[in-house]
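Residue numbers (our numbering), protein chains in the order written: chain B, 1173 to 1531; chain W, 49 to 433; chain L, 452 to 739.
It is possible that part of the hints are untrue.
Stated by the list, open to error - 25 Å max Cα-Cα, derived BS3-like pairs, lysine-lysine:
| # | chain 1 | residue 1 | chain 2 | residue 2 |
| --- | --- | --- | --- | --- |
| 1 | L | K612 | W | K304 |
| 2 | W | K335 | W | K362 |
| 3 | W | K306 | B | K1316 |
| 4 | B | K1316 | W | K160 |
| 5 | W | K340 | L | K729 |
| 6 | W | K431 | W | K106 |
| 7 | W | K419 | W | K387 |
| 8 | L | K570 | W | K244 |
| 9 | W | K387 | W | K423 |
| 10 | W | K244 | W | K121 |
| 11 | W | K306 | W | K424 |
| 12 | L | K570 | W | K306 |
Treat the hints as calculated values from the structure; they're not laboratory data.
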Amino acid sequence: MAKIPKMSVTNNVGGSPVAAIVTILVLAGLFLFPRFVASPYALHIMILFFLSTIMGESWNILGGYTGQYSVGHAAYFGVGAYATMMLMQFRQIPPWYGVWGGMAAVVVVALVIGSICFRLRGPYFVLASIAVAEILRLTAMNLKELTNGAEGILATELPPFTIGGTVVTDFLTKVPFYYIGLVMALLTIVVTWGVQRSKLGYCFQAIREDQDAAHSLGISLTLYKNVALIISALLTSLAGSFYAIYIGFIDPPTVLALDISVQIVLICIVGGIGTIFGPVVGAMVLVPLSEALRSNLIARAIFATGLVSEESGVGNFLKENLAHAHALIYGILVVVVILFMPDGVLGFFRKLAARKAKS
Amino acid sequence: MMTRKVFAMLCALCLTLPGLASAANVKIGFINSITGPEAPIGENLTNGVTLALEDLKKKGISVELMKEDDTGKPQISMSAMEKLAGQGVAGVVGPYTSACANAVAKLSEKYKVPIIVPAAAKEEITRQGFKWVYRLNAPADVYASVLIDAALTLGKPKTVAFIYENTDFGTSTTKTAKAYVARKGIQVVADEPYSKGSPDYRSTLTKIKAKNPDLVFMVSYVADAILLMRQAREIGLQPQAFLGGGAGFTTVQFAKEKEISNNVLSCTQWTEDVSWPGARDFGKRYKAKFGKEPTYHAACAYEAMMIMAETAAKAGGDREKTRSGLKSGQWNGIMGEVKFVDYAGFTNQNNHTMLVQQTMNGTFETVYPAKFATKKAVYPFPKWK
Amino acid sequence: MTVFLQSLISGILIGGVYALIGIGLTIIFGVMRVINFAHGDIMMVGMYLTYNLFTLAGIDPFVSILITIPLMFLFGGLLQKLFINRVLNALPQNQILLTIGLGLIMSNTMMLIYTSDYKILTTSYSSSSINVFGISVSEPLAISFIITAVITLLLYWFLMKTDTGQAIRATAQDREAAQLMGINVKRMSIIAFGLGASLAGTAGALVSPTYYIFPQIGSTFTLKAFVITVLGGMGSVIGATLGGIIIGVAESLGAVYISSGWKDVVVFVLFLLVLLFKPAGLMGKSRM
C-alpha cells in the first residue's frame, strides 16, 4: 500500500512580527547586495541561485501542489528561451517584448501537452511528459530554418533598455541581470503564496491527495490541472527567457534536454516539495554546492583541513576530478534525500523542530 | 676605425637580439576541449602548447599558462573566456571546436582580449569584422575546395553525397562544400545530416549507396568517423573516393583502424612532410615526447601559442599593443608563412594552404598538392574486401 | 526495394538487442512495479565491463557475456537490496527519482574513471558483413541477434518451467497472494532486479562491437527501453520482445524514409500514441 505523506493544507509563512522583520531585513539585504559586492563572480552565483529558485517554484505549483510530477519541464523552459532568442536575433525584437512572445507560445504548448498527458496517471504521466519534451528537443534540432538546429542561437548584442529617452541600462555588467533575477524570483514566490492561500490552491492539493475523491466533490480535474500547468509553464518560460539573454547562447541540448527537467525536479525534491520555501532551500543547497565543486573550493577545503594532502595520489585525483563531479554529487544527494529525507531538507528540519517542540 | 665599426655592429646586434635584456613573463589563456567527446583531439592541442612553452622558454619568454576546459560546450567556453578576461591575460589561444570558437569570438571582441583561434573551421568566426579575433588555420571553404580539387585532379567524379554531423562544424563545412561543388559542376545526390551519439548509420548509408555517388564527403569527429567507415564497409558503399573533412578523419585513432581507414582522403592543415621550417622536427619531437604522431591540431596550437606569446611579450603584456602586433606581424614557422590579413570578406584571417592526405596502412601520407606530396594517391577507392 | 529490405533487416537485428533491454525493464516492473530509470545506465556499466574484459584480458565481447551475466546479476541484486527495497512502498515519484539518482551516480562515476571520451571496441569482425541475396547483413549484429534469441528462449523456459521462475510470475501477478502462499517476495524482488540488470548488461555487451561507449549513453537507451515496454505491455516478456523489434524497424525505416534526425521523433510519437490509445500495450499487463 502506497503511503501518502501528510502535508498540511495551509503552510503559513508565519504572522509573527519576528518573521516580518526578518523578511524585511533579508529583502533589504538582497536589494542592496550589488552595492556592496562588486565581484562579477558573486553576482553570477546569485543570479544562478535566483534562476534555480524560479525554476523550482514554478515546477512546484504543478508537481508539489497538484501532484502532477512532470519530468518534462524543459519543454517550457526551452520554448521561453527559444522564443525570446529567435525574436531577438531574427526579428530584432528586444527581449522585454520577446518574453511575452515566449509566454504566449508556452501557453499553447502547455495546453497541447496537457491534453495529451493529463489522461495518464502516475508513472505513465511521468513517461509521457518526458516523451513530449524529447519530441520538442528533436524538433528544435531538426527545424534548422526556424531554430538554427544544432548550431544554436548566439546573441549578438542586447539593445539598451530605455524608458522615455533615458537609458536605464545597457546590460554591460551583471547588475541589471541580478535585479531582473531577484524580481522574478520574488514574483514566483509571491505567486506560489497567492495560489496556496486561494481556492485554487485548495483544489490543487485536493487533486494531489486523491484525484477521484476530488472529482467526486465536483472539482473539475481537467480545468484545475490545466490551470496549474499553465501557471507553472508561464513561470518556467520566464526562467528560460531570462537564462537565454543572460548566458547569450542556447542550443537544444542546453535548454531542452532531459537534464534540465531532472534538475528542476531535483531543486524541489531536495528542498521540500509542496512548500513555499522548499525550492528556495533546494536552490540554496544545489547552486553553491555545484559552484564550489566546479571551482575546486571543496578540494581546497579538504586540503586545508589536512584530511588529505594535496600532493598525495588521492589529493591529485580530487584536484583533477572533483570539479567534474558535481553531477555525481547531485546523484548522491538525490539518493540520500529520497531514502532519508523524503520531505526534503525543509521537511526534515521541520520534523526535527516539531519533535523538539513535543519533547 | 675598425674597432668602432665592430663596436657599432655589436651594439646593433645586442639591440636586435630579442629578450636578452630580461626574461619576459606573459600570462596567456588557453581554452580547450580537455574532457568531453572531442577530448582525443583536444589532447593534441594541449601537447602542442606544451612543446611551444618549452621553445618559448628557450627564447627567454616565460609563459604563465591559464588553462580552461570547455568540455566542448559553448556556454562553458564563454564563461571560461569571461573568467580569463578578468584575470588579466594578455591574450587567449583556443578554443578548439567551431561552436565554442564562434561563441568566444564575440566575447573576445566585447572584452577586448586578443585571441588566436588555432583550428576551428566555421567561416563566420572571422567574417564578422572583429578587430580582436585572429585565426591561424584555413576556414571551412578551404576544407571543401582542397578536397574537391584533389579529387578532380585524380579522376572525373560527377556526383557527391554529403553525410555530416548537424553541428556548427559539420553544417558550415558542408554548406560551403555544396557551393563549391556547384561551381565545379558536380551534382549533389544526397544530403544527410546526423545527430551525434546515434551510432547506427546503416540506414542512412544504405540510402546513400542507392544513389551511387562518385564521392562521399563526410564531416565528423573521431567516434563517428570510425563508425561511419565501419558501417560503410558493412553495407558495401563503394564510391570513387571517401573525402573526410578534417577533424576525426585526421586522428591517429582513426588511422589505426586499418581495415576501414585505408585509402580515405582527408584534408588537413599540416602534415609532417611539408617543407615549412621545422615541421619535420616538430613531428619527430612530438612522437618522441608523447609516443604518438601529432595531428594538425598540435601544429596549429603550437604555432598559435608561439605567435601569441612572442607578440604579447614584445607588447609587455598590453592587450592593445598585442592586438596591433598580431595585425602587423609576419611569421614563418612550422605552419609556413603566417600573416593575418583581410581578404574575401574575412578579417584577420591567415590565408593558409591546406593539404590532402591519404591513410595508407595505418599512417598518413601527403598526396596533394603536388609540391608537398610524398606519395601518389590511390584512386579510385579499391573494392572492400 | 533493396534499400527497404536492407533497412528492414538492420532494424530487426538492432531490434533484437533493444528487446533484451526491454525484457529486463519489464521484468523489474512486473515484479516490483518500480520504473527503473537507471536501466540504460546499468547497460552502460555492462558495456564498460565488456570493454575492460576485451582490452585488459583480450576476451571477445560475445564470449565475455558468460562473465557479464553473473556479474551484472550480482550488481543488480545488490542495488535492489541496498536501495530499491527501501522505496518499494513509497510514492512512485520517489521511486523514479531514486532510480534517476542511482543512474546519475553510475554514469558520473564512470565518467570520473574513464573520462567522457568515446571508446570504440575493435574486433576482427566489427565491420564484417555477410551478403545474403544482395543485402549485406552485419556480422556482429547477426551474432547478437542469435544470442538474444537464445537468451530469450532460455528466459522463457526459466519463467515457465522452473519453480523460481513460476514464483517470480506469481509475485508479479499478485504480491500479497504470493506471500500468503509462502513465496519469499523479498527474495523474488532481488532476483528480478538481478535478472533485469544482467539482461541490460548483456545487451550492452552484445552491442559494444558496433556502437561507441561513453558514460552518458545510458539515457538514450533508458528512454527506448520504456517505449518498448509500454508498447509491449508492462510486465510481458513476449510483449517486450515484439516491442523491441518494432521499435528497431521503426527507427531504421524512419532514418531512410524521413531522415536520420527525425527517426527518434518517430519512436516517441509512437510511444505517445500507445500511451493514449492502448496503454496496456500489445500484450496487456501483468502477464509474463
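Do the hints match the structure? See the list:
1. K612(L) - K304(W): Status violated; Cα separation ~49 Å.
2. K335(W) - K362(W): The given pair, whose Cα atoms are some 31 Å apart, is violated under the 25 Å limit.
3. K306(W) - K1316(B): Violated. K306(W) to K1316(B) sits at ~36 Å, over the 25 Å cutoff.
4. K1316(B) - K160(W): The given pair, whose Cα atoms are some 32 Å apart, is violated under the 25 Å limit.
5. K340(W) - K729(L): violated, 57 Å
6. K431(W) - K106(W): violated, 51 Å
7. K419(W) - K387(W): holds, 21 Å
8. K570(L) - K244(W): holds, 14 Å
9. K387(W) - K423(W): Violated - the C-alpha atoms of K423(W) and K387(W) are around 29 Å apart, more than 25 Å.
10. K244(W) - K121(W): This hinted pair holds, its Cα atoms lying about 14 Å apart.
11. K306(W) - K424(W): The hint holds at about 19 Å.
12. K570(L) - K306(W): Holds - the C-alpha atoms of K306(W) and K570(L) are around 17 Å apart, at most 25 Å.
Violated hints, in rising order: 1, 2, 3, 4, 5, 6 and 9; the structure is consistent with all others.
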